[in-house]
Structure formats: structure tokens, C-alpha cells
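Enquirer: Take a look at the letters that make up each chain.
Number of protein chains: 4
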Amino acid sequence: VPDRADPMFSTEEMSTIFSAESHVRAMLAFESALARAEARAGIIPERAAEAIAEKCAVELFDVAALQQDAGMAGTPAAPLVKRLTDLVEEDARGFVHWGATSQDVIDTAMALQARDGLDALARDLMAIGAICAALAERHARTPMAGRTLLQHAVPTSFGLKAAHWLALSTRQLTRVQQRREGLLLQLGGAAGTLAALGDQGIRVAELLAEELELTLPELPWHTDRDYVAELASVLGMTCGAMAKLAQDVALLMQTEVGEVAEGIPEGAGGSSAMPQKRNPVRATWTIASARLAFGVVAVLFSGMVQEHERGVGGWQAEWSALPDLFRFTGSAVRHARKLVETLEVDPERMRANLELGGGQIMAEALMMALAPRLGRNEAFRVATDATRRAATERRDLLEVAAEDHRVGEVLSPDDLRAALDPGSYLGSAEAFVRRAVDRFRAFVESDAPTTWRS
Amino acid sequence: VPDRADPMFSTEEMSTIFSAESHVRAMLAFESALARAEARAGIIPERAAEAIAEKCAVELFDVAALQQDAGMAGTPAAPLVKRLTDLVEEDARGFVHWGATSQDVIDTAMALQARDGLDALARDLMAIGAICAALAERHARTPMAGRTLLQHAVPTSFGLKAAHWLALSTRQLTRVQQRREGLLLQLGGAAGTLAALGDQGIRVAELLAEELELTLPELPWHTDRDYVAELASVLGMTCGAMAKLAQDVALLMQTEVGEVAEGIPEGAGGSSAMPQKRNPVRATWTIASARLAFGVVAVLFSGMVQEHERGVGGWQAEWSALPDLFRFTGSAVRHARKLVETLEVDPERMRANLELGGGQIMAEALMMALAPRLGRNEAFRVATDATRRAATERRDLLEVAAEDHRVGEVLSPDDLRAALDPGSYLGSAEAFVRRAVDRFRAFVESDAPTTWRS
Amino acid sequence: VPDRADPMFSTEEMSTIFSAESHVRAMLAFESALARAEARAGIIPERAAEAIAEKCAVELFDVAALQQDAGMAGTPAAPLVKRLTDLVEEDARGFVHWGATSQDVIDTAMALQARDGLDALARDLMAIGAICAALAERHARTPMAGRTLLQHAVPTSFGLKAAHWLALSTRQLTRVQQRREGLLLQLGGAAGTLAALGDQGIRVAELLAEELELTLPELPWHTDRDYVAELASVLGMTCGAMAKLAQDVALLMQTEVGEVAEGIPEGAGGSSAMPQKRNPVRATWTIASARLAFGVVAVLFSGMVQEHERGVGGWQAEWSALPDLFRFTGSAVRHARKLVETLEVDPERMRANLELGGGQIMAEALMMALAPRLGRNEAFRVATDATRRAATERRDLLEVAAEDHRVGEVLSPDDLRAALDPGSYLGSAEAFVRRAVDRFRAFVESDAPTTWRS
Amino acid sequence: VPDRADPMFSTEEMSTIFSAESHVRAMLAFESALARAEARAGIIPERAAEAIAEKCAVELFDVAALQQDAGMAGTPAAPLVKRLTDLVEEDARGFVHWGATSQDVIDTAMALQARDGLDALARDLMAIGAICAALAERHARTPMAGRTLLQHAVPTSFGLKAAHWLALSTRQLTRVQQRREGLLLQLGGAAGTLAALGDQGIRVAELLAEELELTLPELPWHTDRDYVAELASVLGMTCGAMAKLAQDVALLMQTEVGEVAEGIPEGAGGSSAMPQKRNPVRATWTIASARLAFGVVAVLFSGMVQEHERGVGGWQAEWSALPDLFRFTGSAVRHARKLVETLEVDPERMRANLELGGGQIMAEALMMALAPRLGRNEAFRVATDATRRAATERRDLLEVAAEDHRVGEVLSPDDLRAALDPGSYLGSAEAFVRRAVDRFRAFVESDAPTTWRS
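Chains as they are written, first to last, in the working numbering: chain D, 1 to 454; chain C, 1 to 454; chain Y, 1 to 454; chain P, 1 to 454.
These are calculated hints, taken from the structure and not from any lab test. All residues carry an ideal CB built from backbone N, CA and C; glycine is no exception. Accuracy of the hints is not assured; some may be wrong.
Unchecked claim - Taking CB as the label site, the calculated pair distances span:
id : chain 1 : residue 1 : chain 2 : residue 2 : range
1  : C       : 399       : P       : 342       : 29 to 35 Å
2  : P       : 342       : C       : 409       : 36 to 42 Å
3  : D       : 86        : C       : 417       : 40 to 46 Å
Unchecked claim - Below 35 Å or equal to it, Euclidean Cα-Cα: the simulated DSBU-like pairs (lysine-lysine) are:
id : chain 1 : residue 1 : chain 2 : residue 2
4  : D       : 277       : C       : 277
5  : D       : 55        : C       : 277
6  : D       : 82        : D       : 55
7  : D       : 277       : Y       : 277
8  : C       : 55        : D       : 277
9  : D       : 82        : C       : 55
10 : Y       : 55        : P       : 277
11 : Y       : 82        : Y       : 55
12 : P       : 277       : Y       : 277
13 : P       : 82        : Y       : 82
14 : C       : 82        : C       : 55
15 : P       : 277       : C       : 277
16 : Y       : 277       : P       : 55
17 : P       : 82        : P       : 55
Stated by the list, open to error - Simulated coverage check for chain C against chain D, where a stretch passes if three residues somewhere in it have a Cβ under 8 Å from a Cβ of chain D:
id : region
18 : 7-19
19 : 65-75
20 : 277-289
21 : 429-439
With these hints in hand, go ahead and build the complete structure from the sequences.
Expert: Pasting the structure below:
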């Protein structure tokens, strides 16, 4: 049975990473590694560590029963430790979970799951980046209307639009990588002093961090949740980036605009009564997932204010919020990936839309073409006159401008035509595309872990 | 397998009400009732309605497959209608979902599920109310420290504190009932005009509302989501009320305060290494659930801004958000119920805490006792002098006050002692308790549906 | 100097209602009325009440200095009471603020300001309603594309769209009125028992509620902030409604759509370099204000969880949040009002857009026209074939359908043309318009306070 | 007149940095630097640049009138450019704002203001860090109760608690510095192509970034608002950190706990009727400010989803949200600073509280002391028995443990006493303090800009 949120607001992959079973597995990884680290530090016998590790297998645990007990006990760690202790042979039993507290297990397990979750996000972001880079390069000089406040402003290129999606994705990759490297071990003991480990506390923490390949924090961070908020903010930004892309697509897919379209996925029925509809399905899921994510980000920020050495509510809310946030973000990224993978681009329609309004979108270009000869003030007056007249009389700007003797004196008909060609007024669009693509390529080649390139 | 959120952030009951299967069941209830209503209106044949109703059985549908298809199609309704159409005998097939749109099915199904969800909340709130009413009456005159900004202010009674919890619960019951009665049919057709029903649109809507016992809205409300925000706000307020109660308990349970305690539930292990701990487990779950809920409320408010005749993201986010909000609220209410059901109250500790600081909490009471004879200005000076001296010298206010001749001139030692007895300075506490209890009783007897009294 | 937020995110009117000076004035209204109520109850001398009332004049107070002191004292009430006490003649001095606590003054003052704030909102909503009612009636049968997921679905009418804006406004008026009538007195004394008033507490509260024309709550509500969340939710819903309207307009104003336009306000420069642009300025402010408001609503919901008898942070945050929420809501409503006041509607462009895509928007209508003769299944096949062919061949649906012999057999050319006329397929649009207008008129005539009709 | 939010939810300093006047000043700094950069690039005449720079003086502008016009025009930049153009001598007039768009001015101005805002935050954080470092060192071995879920768990030291506040502050300083260094120039022209600058767009951007000492982004970022969300998240984390500190203090100040106290500020009246109260005034403001900030953070995250080349609402909301967020964060940091500056610490009360419950807080310590001799399992049983008995009989754990022969066999009375001394069971507390202090010192000495050390 898929998670209730699949496949609309999660991916199967992310639901698996953050399933109750995976959480138990990660908690057992902590317990097993803790025993090893303590054996290495000479705190517990080697044999005890082995005996514990042997039972740290998720198959030996009834996940549903643990969840049920967690409701009673207040944490999922307490019943797990109890059960593990029961499983371990008697001599070693006393060394299970030695010196640790529930929060050590739970927070560290979450860090391990977060690592998998970030990797999953990164792989989708890498794919999105590669596709957007290709779109950006292919369409670097494909003119389309630049739209500000949803009004035609001046031309841009579809490649530059894709370059923005690319740049957003690259930055998210960078941030995801930083968060991944910053994932922290939690080990503080009952109240953050590691007192039960005597003077070996920090030594054990170092060894445990090594075992689990997590970063050793300066201090245990039981109620210092800036780390959690920082992780949440990166997930939230990722959602924001994906939703921006998706919203651009939904707007471009409007019946009246029609410049791009989502490919129709296999099995997508469309509207039975309205066969003409081409709905922005992927874009919609992306936006919906992002909206859900933003709500969770807010929970995790306000949850930073935790009481003394262990929170009353703020911490526990994370157990639902962080997995939800990963699920929603995973969904946003996956839907966005499928969106760009099948995106159909219609340069002709882009060109046609540029001509809506009789070329008025070239008003600024006209002014810039006139300015070197007429001076900027006069150029502005002439361009404005022509544009206003074109609008009022519903005629082409080119035609109207050609009638103005002030234009004719400084621009030949061919020059005028060239000046009013949207493709000639793209400024640094191509250079910007280059910068965005280069940055992505550099990340892929130099910074990205090899496991992200699958 | 329990839902991933059970039993920490949901109840089994609420997870069932908002399961994918229940959603399919509710959508089928819509389709079946729609056919009946259209047959009653003479729009489709009676026999077609019967044939459709016959197949509107959740057992005939593969819920997981429908969810999978929903991801492709953009809504869970489209694949359901397709599958239902396949199931229905050929003659009637053309009348399935006649004149309706996906959003009609989904929104109405959500309204049906919300009805069950509100009923579930109400039953827990009724139980909380009954317990708090009993606590309020029993402890109407049990003095405890009133605390403002976490400082002792003047005495209050534990009964008055419970009366506040009661009043919050009663008001939530009232609001839940209003929302329940206001649950709306959705029926607008493809773009909200019911055009496919010709001039019978409103008639069919009336009949359908009757069939499903939902309220007929003035207009279809496809993108008018104030109704959803209003429902969300009531759920959010319910969480806020429960979390306020829970936080009071968590604060009163502090080691240094110890005035109440959660009963230890069966199977709750407590801390293995720290057997002395008595954790506010129920309170913590309540607060955590409420925090999660607040995040979802925000999603539903910002989701009100939907595009034209159907939203792109805002609407779809509701499909995850509303069930989550019900789950979190169900969890908050259930945990709060268990909290009050097992609450242990320690009037002796309350009395002892009142004496912390040598009775300084009676400073205002001393002033009020002196004022009739000394005038308020002089009374204030005398009371302040005594309180400051008591604080500085770490002595009892009673003792210090007794030494002040200005006090002795107007109050006998017995009068003074009586004036400084916290139990004598409870003002309208008992009257307020009465008001809160009466209001709850009136609701139970006059307003609450009988089904809520289980 | 206008408030920093004017005129972009507030109105002058709302900034005045929630200025620091207005807050002081409202606190003084409380103190003065409290003294009168206590005199009526025989608790303080008549002459003292008069002496106090005489000094409750905002002109006698240095507002900036009070704010400064509030930072130190923790509340704006404490320094105000101190200053008022200094001003009052000696004999009456002791009776200032008798039996009340800072929160009583502040919460009641906020209720008084909220009353003015709600009235201000209501007046703008009334104006919006009147204009939308007129638009709805005028355009009840003006066909335009109904758009779902931003795709053409089936026709609707502009009047029905305006009727939705109207219905949203009417419901907000109803909610605003309910909140206005539910505004509550706060009077609980130091910890909510009214102990300093002996057995006269509830009597004084009744008289004070009468003096201030506020509702007497069942209990003091110092830390029962559901009332605040409820008020916040109504303001948030109002913003959501306005932003929905504004977003519809912004989308309709797109260069490619062009169905409505904001009137150009006096002094609005437009873009100097792009004279062709017609920006959705009012719509943008409305949406921006609503977005800001949603953030504040979330603060007020999470702020419900307050400690014991007075909150530590949650309550104080309201002092900024509630005024901000009123300001943002006032801005959203005012900008929306100006938006509809100057809205230009272009039925021709609506008609032209309906024809985009060669009438494919009439696919459902074609099916409905065929169904009575061909049966629904066959009608669906025929209509789908025709629509798909029209799309593929980029031809008119009318033309393609006319070529299909299955169509010709059951519909004459004239019937077919009529069936594919968008204006003929508006279903219950006009009836819905009527319902929305009637409901608004009924509210205006029966429910709205006369002061709202200015 | 102070800003309406001062001094409760802002500081005078931050209100000044984000005043309307400062925004105009920063916009003028952009216009002036743009002209210089364009002159350096040879795009406009040197003399024009000088003529423009000469008029870029805030004194020449009527700020209130500009705000008024901004309401009409849709941005504050358009009226400013218009007014500036009017002021500049005729020859140079045409070169004002050359090639830039409103968003370039506004976003860059916000970056300049943000730089000042971050500096202001950093100075307060530096002061907090220095004080917390001193507290941490002084009290590294001052035992106090470690509290989890508000229950006594095991001892910690007050120094370790202060070290956590310190570590939070140090990390915020690091993040503030990163954001400060990452503040970006905005320059994209009408739709992000810099078309009006021909092939000189990137060159001008480089020079302008140099002039303003801002970072040159890879691309213009008109609708790529991850940068804004990232800044917002750092401000939100700062608030969370401060509120955590403040909440710890508010909890420790409770009448029943009394371990620390805010110093009474000059002019703080306290409660007139309750002279015994010592309210957590600074802590309350800090928490309230943080709560307000969290709401704004959410606005800025959801505001990432902006339309095409310029947002409709999401961007404009930032103009209120970002200044508000800086104000609230400035307030949180300033109040927290004053809080720690005057914090009174009571080690005796800490010691006394450790003894509440008869030393049961030493249960884990007892077990650890017994374990080396008895084995962990037996040690656990013995310790648990003793603790339970101590709790039931309300006796001292030391006394009860001493009676148990299993204890007596392995621990002498002196050893037992030593083992149950809270000061002996602080584990790595002191080492953690050292790590936190070292990290802060390293930041101050190596990373912090000298201007932050005032």
C-alpha cells in the first residue's frame, strides 16, 4: 500500500526514506554504531558491542507496535531501546544505549534519513538542471515576450527564462550539498552533559560521528534547533524555486498564451467532457506541493523556541514536520522534473505573441534606436508618441513609426525594421544563459558527489 | 498497518475517516446521489440511476490504482469516474457523473468526510467538557497561585482554571457545530454554470443537497474558498484551545511546581535511567499536534487566492492539507482528553506554593483589606512597604504586616490573618465557574446533536 | 507624516484608528468608563469618577513618552495609569484603575479600536458589493471563457464572475458584522478573579460593558485567545476574498487576455520607457496586502497558546499583529474597492477570446446538444471526434462538426450554430447572479448597520 | 516621533535604517552610482553622471509625497526617478536611470539597507556573545538542574546553558556575515536582459557592483527570490535563537524556580498592586518580537513564487515584509542583549532546586556509580529501587540509598555522598563550555569585521 500522500504529494522513494520502518532502521544504526564507538573507546566490552549490533536489525522489530508504544512513552526511542534490550543476550543487555538519551537516537536517525532525502532531491535537481541547461542553450536566442506584472514589457528569450530555472536549480543543489555536509550527530546524554560517559563523552562522540559519517557538532544541540530551521529553509527554498518554474509554465500554457505545453503523460485522461483541455497537471502538483511545504517550514521555524534541555512540543512536532517537508519537497522536485522532461516549446507562438499589440513591446527598443541620433529626451518623446498612437489606432508600431518624419530622418526603413525586430533586442540574454550554464556545469563537474549523477 | 502518523499525530478514527479509501467511498456517495437527484428531476432515467448506484461500492475499486492514476490525471475524480463508467452497464453508462465536474465530486466528498471528522472532534470535546466541568465544580474554591508572566500574581482557584479550559471547549463545540451545519454541497459543472443541466441546474442541486443532507450554497464555490478557510480556522482554534490547556498542565507539572500530574498510562515506560521523571506526555503530544496544525491553517488561508474558475495548486493542496488538519486536530483533542481523564490534582502542593515567598502573593489582598479604613493611597503605601520588607528580609508577609502599627490600628490579628488567607481572596472565581459550567450544560442539553453524547 | 506603511499597505483611515494615539485614547475611554461603572456600583465615590473622567483626555498625555516607558514596564497600560494617577486630584487618585489589571485596559482598548476598524472595512466592502452587484447584473449574460487550471473550459458570463466577487464580499460583511457584535469587554483584575472588587466583580463588569457598548463575556479571557484568532480569521478571509478578486483581474488584464483593465488613476505615471504597459497596480497592492496579512494571521493563531493567567510573548505580539492585520486588511479592501470602481470591461475581447481555438470551448455544449437524439455515449464520441479534429487541423469546431453526418442527421445548420454560440450555453449563470445580488441586497436592507451605508 | 513600533517591537536604530527616508536615500545611492558606472563604461557622458549625482540628495525629495505617488504608480521608484529627472539639468536629464528598471533600484536599495541592518544585528549579537561567554566561563561548574520536558533530569551547569546561548549567537553571527557578504546588486533592465545597455550590460553591472560594494550576481534576480528567502531565514533563525534564550530565562524566573532574574531597568514600574512581582519584561519582548518575525518569514518564503519577469504581489509584499522582519529581529536581539546585560544569577537557588525531591535528580548518577562494581543491570535495579522508594516515602535519595546493603557493599558513605553531589556529575559540561567559548573567540578575532566590535 502506498503512503496516503503518494503519488500526489510525495514520491515512492521519499515515502520509503521517511517511512516508520526507515526510522526504526536508522535508530538501530545509531544504537549499533554507539556500541561500536563505546567499545573502541574502551567503555563497554567489544563483545557487548557485537552482541548489540547483531540485534540491530529492523526485521526483529514490530514497527507498528513500536509506534503504538511511542504514543504512550512519549518517544519512539524508548520502546525501541526496551525491545532491543530484551533481544540482546543477557551479558550485553546492560550496555544497550549506554550513556545516550532518546533524543540522541531520534535526532541522529533523522540526520541519517535526511542524508538519503537530500540525495534523492539532488538527483532530481541534477536532472532538472541538465534539461534546463539544454533548453537554455537551445533557445538562448528564441525571442519571447518578457512580462512584468503580467504585461508585455520588452522581449526576452525563452533560453534566458530556462536559464533562470537552471540558476535556481543550481543554487539549490549548492545549498542541498551544504546541508548534506552539515548533517550532525546528536549525542548529549540525559541533559546534554554526557555525564554518564564520565570524561570520555567527547571522545565517544568523535568516534560515533566517524562511524556514522556525520559531522561532530561543537555542542550537543538538543534544544538548539537552528540546524533544523536551516535545513527546513533549504527545503522551502527548493520548493519555492520549483514552484516558480511551475507557475511560469502554467501561465505560459494558458489557452491565450500557449507558448509551452506539458507533454501528455501516459494514462492521463484529460477532461472527458472537454477534450480540448491541456491541463498543467505537473505544474499544478508542483505548486500544490510547494504550498504545503511552506506551511511546514513555518512550523519548524516557530519550533526553534524549545524549553531548557528538551522541548515540550516543538521537538516532537519535528517528527511529523520534517518527513512531511521532505515528502512535499520530493514531490515538488519530481513533478518539476517530469514537467521539464516533457516540456514542449512553441517558438512560433512566442513570436506570434510578441506581435500582439502591433509590436508595442518594442517601444523601448525604438527609443534606444533613436537615442544615439536624437538624444534620449527627444527619442523618448518620439517613441512614446508612436506607441501611444499605435495603441489608440490599433495599428502596428512599425507602420506608425515609419510615418513620423523624426524617425525617417535618422533611421532608414530597413534600420527601423531591424530595430523593431524582437530578436535584435535581447541585450545580454545570451551572455546570461552562458553564465548560468557554466555555473551548473562547474557544479556538476567539481562539486557534486558522484552518487548524484545517476 | 496504521497510518504513518498514528498514534502520535492522529487517531485511528480520524485516519480512517480521511483515508484514501474513505475518500473514494465519499466520492461514490456523491456519484450515486447525483444520479438519484437527476432521476428525481427527470434528467436521467430512474433505471440508470439505479444501475449507477449499484456500482458505487468502494469494494469494486482499487484505491491504490486510483491514487496512482490521480497523479497522472491531475485529480482523483477523473480516474474514479472512468472506472465507475466502465463498471456500469452499457445503457446507463452515459449518465454517470452527468453534468458534474471533478471538483464537484471532490469538494462534496470532502464535505462528507469533514462531517464525520467534526463529529469525531465533538465527541472528544464533549468528554473534555464534562471532565473539566467536574474539575471546575470540585475545585471552585481550591486556591492556587494565579500566575501572570509566570510570576505569582494573586490567588485564583484551580476550579477557575478548569473553567477556562471548559469555556474554551464549549466555544469550540459551538463552532464545530456551526461548521458542521454549514457544510456545503458543491455542484457547478465544468465552470460553475451548471450549463450541462440546462435550466434544471439549481433544481438538481437542491435535490442533491437533500440526498446528501448538505447545505445548498448560494452559488457553486469552486474558487470561493472562504468556506475552507473558515473550517480551517475552527480546527486551528480547537488546537489552540487544547494546546493552551496542555501547556498549563505541562507548566503545572514542572518539578518545582508539581500541582498536577498526568496519570501514568498503561505501558508508559518513563525514562529508564531517570525513574523519578513524570513526563507530560499527553500534554506534549497535544502541543506538538497543535503546532503542526497551525502550519496547515496558514496553507489553507493563503490557498484562498485561486485562479478564475478552478485553482492551480491552491485547491489541490487542500487535498493533503484538510485531512492533515483534521488528523492533527483529532490528535490534539484526543490527547487532551486522555490528559484530563487521568489528571491528578494536588491541592496541598497548590497551597504550599501559595506560601512560597512568604505570602507575598497576598500583597494586593492586604491593600484591599486596609483600603476601607486607611483610604486607598495610604493602604497602597502600607501594603507596598510590608511586601518589600518581607521580600528583603525573606520573612512572612503576615508577620511583617502585623508589626506595622498602621495595620494594627485597623485590623485585628484575626482579621489580618483572614485577609491574608488565599482562600478568602478568590473574588468572583466561584461565580465564573458557575457561568462556565452552566453554559456547557446548556449546550449539552439544548444544542448538541444526540450523536455527540456517546 | 503618514505612517510608514501608508499608502501602500494601509489606508490613512486605518492607520489613524490604530495609531499609538488612538490606543491611548481608547485606554483612557476604558479608565473613564471603569470609574463611572464603579461609581454606579457604589464601589468608588461619584466625585472620584468625575475627577478621573475629567483627566481621561488624550491631549494630557505624551504618547511618545508613554511608548518609551512601555518598553521598560512591559505594557503600555502601566505608564498610562501612572500618569493618569498623577494628573487626577489627590482625593480621587486612589480610585484610578481600581480593581483592574493592565490587560483589562489593553484588551478592551483593542476591542474599541477593532470596532472602528471593522466599521472601516465594512464601508469599503459595502461599496465593493454595490459595484459588483451592478457589474453582475449588467453582465449577467455577457459571455466569457470559463477557465479551469487556466485553460478554457466552457463559457461563463462576466456577470457570474462578478457575482462571485459579490458573494465573497457579502459573506465577509456578514462575518465582519458578527465579529463586531461579538467584541468583548475584558475585565478580570490581576489574575482573572476580580478579587479586588469583592463580590461586586460581575456587577461592575456588566455596567462597564454597558458603558462601552461591548459584549460581556462569560469569563474574563486573559489567556483564552480564541476570540482573537476568530477575529484574525475573519480579517484573513477578507484579505483572501479581495486577493481572489484582484488575481482574477490581474489575469484578465494580461496582454494576451485583455478582457478587463484597471482605470488609470490620476497621477499614475506608468512605465516611462514602456508606454504601452497597463499595469494591474490596484490588483497588485491588494494581493501584496493579503499576503502580508496571511503571515499575521498565522502569528495570531500560534499565539493562542498562552501561559497560565497572562501570556509571555503571545499576548504582547498581538499589540503589533492586530493593528498590522487591520492595516493590511484595510489596504486590501481599499485597493480592491478602487479597483472595481474604475474597472473597464471589454465584452468584445471576451467574445474574441471565446473564439480562440476555433470554438473548441463549445465541445461540451456540442455533446449536450447531440445527446438527446444520439444518446450520451454516441454524443460524446461524436463531439470528441469533432473537437480533436478541429484542434489537429486548426479549424473551427462549427465547420468540422457540420461536416460530420452524424451531426447533420440530428441538428440543422441553424440549430448547430445556435448550439455552438457561447451565449446560449450559460446554464444557471443568470440565476446565480440573481441569488448573489438578492443576498447582498437583503444584507444591506436588513442586517447592515446604518452607519455602514455612507 | 518614533516609529509606531518603537521601542516595543523595533529599535530606534533599525527603524531609522528602514525608514521611508532611508529607502529614498538608498535608491538615490543606486541612481548616482549607476550614472557613475555608466560614465566609466562610456555609455553616458561624465558630466551627465556628475549632474545626476549632484541631485541624488535625499534633502531634495519630499519623502511623504513620493510614498503617496508610489501608491498610484505601483512602485516607489517610478515617482523618484520622475522627480530626480525633473531636478537634473536638462542636458543630463535623459541619462537618469539609464537602462535600469524600477526593480533594479528598489532591490538594490533594499540590499544597501539590509547591509546596515545586518551590521546593527551583528553588533548586538557580538555583545550578547561576549556576555554569554563570560557567563559560561564563570558558571562552567555551577550546578543546576537539567530539565527535559520541564522535569528535572540530571544536573547540568549554568555555564553550559549559557554556552548554548553563546553557540546560538556565534552561529547567527556566522550566518549574518555570510548573508552580508552575499548581498547582491540588482541590475537587469525592463525584463532582465539589460537590452537597453546593448552589449555593455554585464560590464555596467560589474562596475555598479564595484561602486556599491555589492556582489555581482550570476544573473539579474528579479523573480528569483531564493536570495530573499535565504536572508529571511537567517533573520528568522536569529529570532529563534534569541527567543530560546529568552524563554529559558522566563522559565528560570518563575516564582517557583527563581534561579535567574532580569535586572530591574531604570523607570520600570513593576506592578503597582503587586510589588512582589519581578516580571520577565525583556524576555517577553524578545519572544513577542520573534513570534512576529516568524509570521513574516512565512510571507517571504511563500512570496518566492513570482510571475514571469516581475511579480504581482509577491515582490511588493517584500517592501513591507523585509523592513518589518529587520525591525522585529532588531528588537529581539536588542531586548535579548539588555536581558543578558542585566541578568542576575542565583547559584544558591540553583543548588536548592537540585535538592527538591530529595536528590532524585541523582538517580542516573547513583546508577553510574554502582555500575562498575555491580554491573549495569544490577546497578539499574538498585538505583531504581532507591529512587522509587525515596519518591514514595518522600525521603532523601542519599538516605534511602545508604540503607540498601547492596550499595553499602560497594560504596563507602563518603563515596556515596560524593557520587550524589550534583557538582560531581557534570560530565563534559566544562569541555563543552570551552568549545563554545573558543569558537566565539575565534570568530571575533578572525572573521568578524572590525566595525562589528564597537
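Enquirer: All hints, please: hold or fail.
Expert: Checked hints:
Range check, residue 399 (chain C) to residue 342 (chain P): Cβ separation about 31 Å, and the 29 to 35 Å hint holds. Evaluation of the 36 to 42 Å hint for residue 342 (chain P) and residue 409 (chain C) yields a pass: the beta carbon distance comes to about 40 Å. Checked against the given bound of 40 to 46 Å, the beta carbons of residue 86 (chain D) and residue 417 (chain C), roughly 59 Å apart, lie outside it. Of the supplied pair hints, the one linking residue 277 (chain D) and residue 277 (chain C) is violated, its CA atoms being roughly 62 Å apart against a limit of 35 Å.
Note on residue 55 (chain D) and residue 277 (chain C): the hinted pairing holds, with a Cα-Cα distance of about 28 Å set against a maximum of 35 Å. About 12 Å separates the Cα atoms of residue 82 (chain D) and residue 55 (chain D), which keeps this hinted pair within 35 Å; it holds. For the suggested pair residue 277 (chain D) and residue 277 (chain Y), the alpha carbons sit about 30 Å apart, so the restraint of at most 35 Å is met. With a CA separation close to 28 Å, the supplied pair residue 55 (chain C) and residue 277 (chain D) stays within the 35 Å bound.
A C-alpha spacing of about 49 Å is found between residue 82 (chain D) and residue 55 (chain C), which places the hinted pair above 35 Å, so the restraint is violated. In summary, the hint linking residue 55 (chain Y) to residue 277 (chain P) is supported, as the alpha carbons are separated by about 28 Å, within the 35 Å threshold. Note on residue 82 (chain Y) and residue 55 (chain Y): the hinted pairing holds, with a Cα-Cα distance of about 12 Å set against a maximum of 35 Å. Distance hint between residue 277 (chain P) and residue 277 (chain Y) is unfulfilled; the C-alpha atoms sit about 62 Å from each other, more than 35 Å.
About 50 Å separates the Cα atoms of residue 82 (chain P) and residue 82 (chain Y), which puts this hinted pair outside 35 Å; it is violated. Taken as a hint, the residue 82 (chain C) and residue 55 (chain C) pair is honoured in the structure, with Cα atoms around 12 Å apart against an allowance of 35 Å. This hinted pair checks out: residue 277 (chain P) and residue 277 (chain C) have alpha carbons roughly 30 Å apart, not beyond 35 Å. For a cut-off of 35 Å, the pair hint linking residue 277 (chain Y) to residue 55 (chain P) stands: about 28 Å separates their Cα positions.
Annotation: proposed proximity of residue 82 (chain P) to residue 55 (chain P) holds, straight-line Cα distance about 12 Å (limit 35 Å). Coverage of the region 7-19 of chain C by chain D holds. Counting CB-CB distances below 8 Å, 4 residues qualify, and the rule asks for three or more. With 8 residues having a beta carbon nearer than 8 Å to a beta carbon of chain D, the region 65-75 of chain C meets the requirement of three or more and the stated coverage holds. Coverage of a stretch by a chain is defined here by at least three residues with a beta carbon nearer than 8 Å to that chain's beta carbons; for the region 277-289 of chain C and chain D the count is 10, and the condition holds.
Under the rule that three or more residues need a Cβ within less than 8 Å of chain D, the assignment of the region 429-439 of chain C is violated, with 0 such residues.
Against the hints set out earlier in the document, violations occur for numbers 3, 4, 9, 12, 13 and 21.
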